[in-house]
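Peer 1: First to last, the protein sequences are chains P and Y.
Each residue of the first sequence is one higher than the one before, starting from 0 at the first, in numbering that gives the first Met the number 0.
Each residue of the second sequence is one higher than the one before, starting from 0 at the first, in numbering that gives the first Met the number 0.
By construction, these hints were calculated from the structure, which means they are not laboratory data.
One thing to keep in mind: the hints can contain errors.
Claimed, not checked - If you only want the chain P side, here are some residues facing chain Y, beta carbon under 7 Å, derived:
#1 Glu134
#2 Phe275
#3 Asp278
#4 His281
#5 Glu282
#6 Arg284
#7 Ser285
#8 Thr289
#9 Ala291
#10 Ala293
#11 Ser295
#12 Val296
#13 Gly299
#14 Thr348
#15 Lys381
To be verified - Below, simulated DSS-like cross-link-like pairs (lysine-lysine); rule was C-alpha separation at most 30 Å, straight line:
#16 P/Lys354 <-> Y/Lys110
#17 Y/Lys73 <-> Y/Lys226
#18 Y/Lys206 <-> Y/Lys226
#19 Y/Lys73 <-> Y/Lys206
#20 Y/Lys226 <-> P/Lys354
#21 Y/Lys206 <-> Y/Lys149
#22 Y/Lys206 <-> Y/Lys110
#23 P/Lys354 <-> Y/Lys173
#24 Y/Lys110 <-> Y/Lys173
What the hints assert, rightly or not - Here's a subset of chain P near chain Y, in silico, CB distances under 10 Å, partners left out:
#25 Leu287
#26 Leu294
#27 Glu306
#28 Arg307
#29 Gln310
#30 Val326
#31 Arg334
#32 Leu335
#33 Ala358
On a predicted model such as this, the values are computed, not experimentally measured, just so you know.
Ideal Cβ placement from N, Cα and C applies to all residues, glycine included.
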Amino acid sequence: MIRGGTRGPDEGAAVRADDAPHVSHGAGEAAPSLPRGRTRRHLGLAARVTTTFALGALVLSGTLASITYFSVRSSLINQEETSLAHEAVATAEALQGQSEAGQSVVFALAEINGNAASILEQAGQWYPSSQSVQESSVPAGLRSLVLNNHLGEQLVDLAGKPVLIVGVPFRAAGGPVAYFQLFDMSEVAGTLRTLLGALVLASVVTTLGGAVVGRWGARRALRPLRETAQAALSIAGGQLDTRLASDAYSDLAVLTSAFNKMADRLQERIERDARFTSDVNHELRSPLTTVATALSVLEGRRAELPERAAQALDLLSAEVRRFRRLVDDLLEISRLDAGLGDVNAEEVTLGPLMKYTLAAARYQGIIDIPASVGERRVLVDKLRFERVLANLIENADRYAGGPVRVAAEADGAWARIAVEDRGPGVPAEERERIFDRFSRGASGRRRGAGDGTGLGLAIVAEHARLLGGRVWVEPNGSRGARFVVELPVQPPVGPESDEPAAGSAAAQPPSAKSAVPLKSPTHGRRPSTAPAAPSTGASRVVQPPGAVTTAEPPASEP
Amino acid sequence: MASRILLVEDDERIRTSMRLSLEDEGYDVEETESGEDALEAHARSLVGQSFDLIVVDIMLPGMDGFAACRELRKVSSVPIIMVTALTDTAHIVAGLEAGADDYVTKPFEPKELAARIRALLRRARTTDDGPVSLVFGDLEILPEAGEVRKEGQEVHLTRTEFLLLCELAANAGKVLSREQLLERVWSYDYFGDGRLVDVHVRRLRTKVENDPSDPRHVLTVRGLGYKLAP
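I would like the entire structure built from these sequences, with the hints used as guidance.
Peer 2: Printed below as a string of structure tokens:
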């Protein structure tokens, strides 16, 4: 930072001004230097808008602050330098005057200079005005410049303080004199530091302001999208009459009206399906009622019938029973499809629920319910739960020589109920398909067992889904199959409902629906909560090899 | 003497088959095909031998089963079983609100209907040998007389409501679960429909509580069941 005698462009400022775009450039690059794809994928739209706003504000405020700082700095220092140089030159001229009047420069220095820190060199000798000034304070470059009869100045750092040294050459008796005067620049530096602090603060505030504005703007811009998403969720949740307000956002009118049109059509269609189901329901139920009732009269009088007629009656009874089950199952499935099956959810204790259910299903094998699991409360529709367990027991009865063990275990928010058999098992490639409608699997193709409808497991899967859980099949050790139903365990509930059970449908059918959200009947796979241990089969670790995932667990149970 | 049952069903074949089935169970059955006819038959029966139980189909032309139930309830506390082809909650609750004591859904197992009828009839004959009078604040229950008085005034309860109240009164202060109430009042097993209890408790409250929305006597114990506050 040595400057020639004539004050040229302020190099320091020039260099720093160069720095300024550098700084902001660096910041501008900070974000793009992250892996780009990752940023795109992981940042939401709102976050990206917010970041962009913040970066923009940072670049802008940083640039402005830098320009402000360096122009203030250069003008302040220039001004100071000019006046200090004048002062030094004046002192030098005074010294020269004294010297011409015959006085020794060294004495004159002591006389004139008062408190100023200065040092002069004459004929290789240094004469400081005070002890604080030393020969070594003057940089060699400046010294040689002045000795070559140029006016020179340099900003140096002396003991941590910024000091401006101005060197003035003059002639005096006894040879040319190089006069150096030292000026403390601390005050200017302090002013600049304060300014810098204020500018940095302003930049930070502006950046934050940008982020806030960006976030607010993004949220505002995304609001229609959020509302649309909520409406879609609400429709998916069974509120078919949900619509978007068509006049809320004029520039999104196309989207709104398209969405509403879609919802209209969907509702129409679902209602038509529901009506059809209900009609079929009624049309099938009436004749079946007559058939079943008339048949019961005949059964009551079986003893009065001739042998052959009694035999025919038995056939008729068996087939009517099967037909009834088939109709029941079909209607149940179609009601489930139409989203008509309201969940009559009650909070019950798992142990008794299972015991009663198994007793009702006439199950006589091993029941393994640890006390800690049996005490857990579940929010279920008892009748659906009964259907699930009864169908699984029946399935084992029909295709695997009967269930041998029913076990319950709990894992965090989930209870798992397993029905195990020692039958032929379910081949890996059939473990998902077995829950499809009318799919009986290889072993099930033997129709000998008679009155299976082929819908039992499909109904199990649907009910499990409606109960907020899922079902899958896995090998039971080396032999047999193990059907596992996973259901959410209920956390304690609040005291706001009138009915004893949490989601009693009797009081408010819609609340029962929301208690166990009805999901669209997609068979999406949800991330398994089961530990990913190798399925040795014999272990109790539940790892569905071909898990049929029936539902996503409700995001938050009430 | 055989119990008399009034059967209200518009579908002739179902009606006939039900009559045959019920007659085989040993009941004396009278058939009607509409709600209006049912009310008339019921009014007529009051002169002679009144009906012990009424089985009503909900989907009737003209006056439907709900309306028929409501009309019957105005003049009688006879046990009513409704028969419906619809199983959704709203429908069933509406039937129970209209005054039915129990329900079966088509196509019902004839044995199931017979069991429901037996349970309601057996219950109707039950004589309590408990205390003569139970007092709960402004409420007085006379189990033997089959009467309930509120501030001295007699309150008209159906048989089911009365038994429900007696059951809660016999266990005053204790919580009875829906399952227990279903078993004791309706003779259901564990899988009886809890909505039966809920709806009847609501109906009972409208009769014995000053403010049914803020009950003082028949209290809900959340997650557990109901109890009668002393």
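Peer 1: For this structure, which hints from the list above don't hold up?
Peer 2: 1, 2, 3, 5, 14, 22, 24, 27, 28, 29, 32
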